[in-house]
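Protein chains in written order, with our numbering: chain A, 202 to 487; chain B, 12 to 254.
Don't take each hint at face value.
Here are the simulated distance ranges between beta carbons [said to hold, decoys possible]: (1) 122(B) / 308(A): 45 to 53 Å; (2) 302(A) / 244(B): 44 to 52 Å; (3) 298(A) / 93(B): 50 to 58 Å.
Rather than coming from a laboratory, the hints here were simulated on the basis of the structure. A virtual CB, placed ideally from N, CA and C, is assigned to each residue, including glycine.
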Amino acid sequence: MSDAPATWRPATEETPLVRRLLIAAVLVVLALLLFAPLVAVFYEALRKGWWQAIATLAKPEALSAIRLTVTVAAIAVPLNAVFGVAAAWFITKYDFRGKAVLLTLIDLPFSVSPVVVGLCVVLTFGANTWVGGLMVNAGYPIVFALPGIVLASMIVTFPFVARELIPVMVEQGRAEEEAALTLGASGWRTFRTVTLPNIRWALLYGVLLCNARAMGEFGAVAVVSGKIRGQTATMPITIEMLYNEYLSVAAFTLAAVLALLGFLTLGLKTFLEIRHADALAASRRH
Amino acid sequence: MHIEIDEISKSFGTTAALTPVSLAIPSGALVALLGPSGSGKTTLLRILGGLEYPTSGRVLFDGQDATGLTVQQRRAGFVFQSYALFRHMTVFDNIAYGLKARPRASRPPGAEIARRVTRLLDLIQLPDIGARYPSQLSGGQRQRVALARALAIEPRMLLLDEPFGALDAKVRKELRQGLRDIHDTTGLTTVFVTHDQDEAMELADLVVVMSGSTTGGKIEQIGKPQDIRARPATAFVREFLGA
C-alpha cells in the first residue's frame, strides 16, 4: 500500500525489524540444511570433471540401478494410484462401520519405520513361508527379487495418493455423483465423467509425491532386496554401497541423478500448484 | 404419473428418520413436503428418487411396485439443494449429460441433443448461457440450469430438494412463478421439499405437513393449502403455521 501513511501497519503484521530477523533466520536455516548439502552433492559429483561423472554413470552397476529404480516406480506408482483412488472413493462416498479403523490403517505406513515394513515383507513372503516357498519353487522368488522390492515400495508409498484425495473428496461431497446417477449414468460412467475430472489435480499431486518417495525409498528396500549388485540394488542402495567403498565420484554422481529426478517432481508439482491454485487449495495439508 | 407411498419407514443405523408414512400423490400434482429440519422430508424425497432405499414399505408408480427400481431406472428429474451442477462442465454439457449417458440404442444424435438443450435453455429463459461454467452463474441461474438438466432426461416426475433455499428473497419470488410455469407446461408430477410455509402454501396444490421426533419423521396433515390454514389437524400444525 504505497498511498498509506508510512506509520500505518495492519494489526497482524510485525515491525520491520522483527520481520527482517524472521526472514533472515528462515534463509539461514534453509541455506544450511537444504541448499548447502545439495550443492555439496553436485560439487562432489563433478569434482573430477564432467567426463569422470558421466563415465561412472555408464558403468553396468549404475545403469542397472537406474533401470531398477525406474521399473519399480513404473509398477508401484500406477498400482498405488489405482488403490489410492479406490480407497479414497470407498471412504468418502460410503458410510460404513469401521471407517475410522480403515483410515488409521491407510496411515500406518507413515507411522511405521520402513525397515519394519521391509522385515514384514520378508517374514510374510520369504522363501521359508508357504507363499514364498511356492513362488521360489515356481521360479519366481518374491524376496531378494523385483516383486519384493515393488511390494515394499508400494506399502511405504501407499498413503500418498489416498491422503491427497480424501480431503478433496470430502469437501466436494456426494451431490454431483448423485446428480449423475439420477440422470441415468451408471456407476462407472459417473466415476469417469464426474468424480475423476473433479479430483484430477489432487490425484496428479498425490501421484507425484508417491513417485518421489518410491524412487527414493531406502529402508524397506534395503531389507527385502538383499542388495545384490547389478540385480536388486536400486539407486539409493547403490549410492550407499558405492559410498561405503569410497567411490565418492560414482556415489555422488548417482546421488545427483536421484536428486535431479526429485527436482523434476518438485518442479512439476510447483508448476501445477501455480496453475491450479484453487483446485489444490483443499488438498494442501502438509 | 401417480405416486403412492405405502407405509414407508427409514432408519439410518439406530437413528429413525421416518416412521411408517403413507401418501398418495395424484398424477400431475404439485406437492410440497413442508416441515422443520429433522422431519424426514428430504429422506422421503430421496426415497422417491431412488437415492435411499426404505427400511420397510413400498413405493408405487402408476400402481406398479417401484421399490426395487434403481436410481437410474426411476427416471426422476432431481434438483438438489445446492444444485450439484457439474463444475467442470459448461452449462450446455451439464444439460446434455443425461442424454449422452443413455445407452447407445436410445441416445439421440448430437444435433438432436443440441436442439433439445437449446429448447431447454429457452424454457428456463436463459438462451445465451450455454458456453458458461456454473461458477460464472448467479444463484438463481444455477437453480434454473439444474431444473433444465433434470428436465432433459424427459423424467417421469420432478423432485426438488429445497429448490429456493439458497436464494435471496427477491429471486426466490421470481423463481417460484418459474417453477409453477414449468410445472404447468410439462404437466409433470412434482414434489418439492421446503421449510418455508409461505412457499408451500403459495405454490403447491397439495401440502404435506411433516414433523420430527426421536421416533422419526411423520406426516401430520395432508391437504390443500387453504384447508390446512383453515383447519389445522393437530396442535403441531397449528403451532408450526402460527410461527
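Evaluation of the provided hints:
1. 122(B) / 308(A): 45 to 53 Å: Holds, at about 52 Å.
2. 302(A) / 244(B): 44 to 52 Å: This hint holds: roughly 48 Å between Cβ atoms.
3. 298(A) / 93(B): 50 to 58 Å: Violated - the Cβ-Cβ distance for residue 298(A) and residue 93(B), about 28 Å, lies outside 50 to 58 Å.
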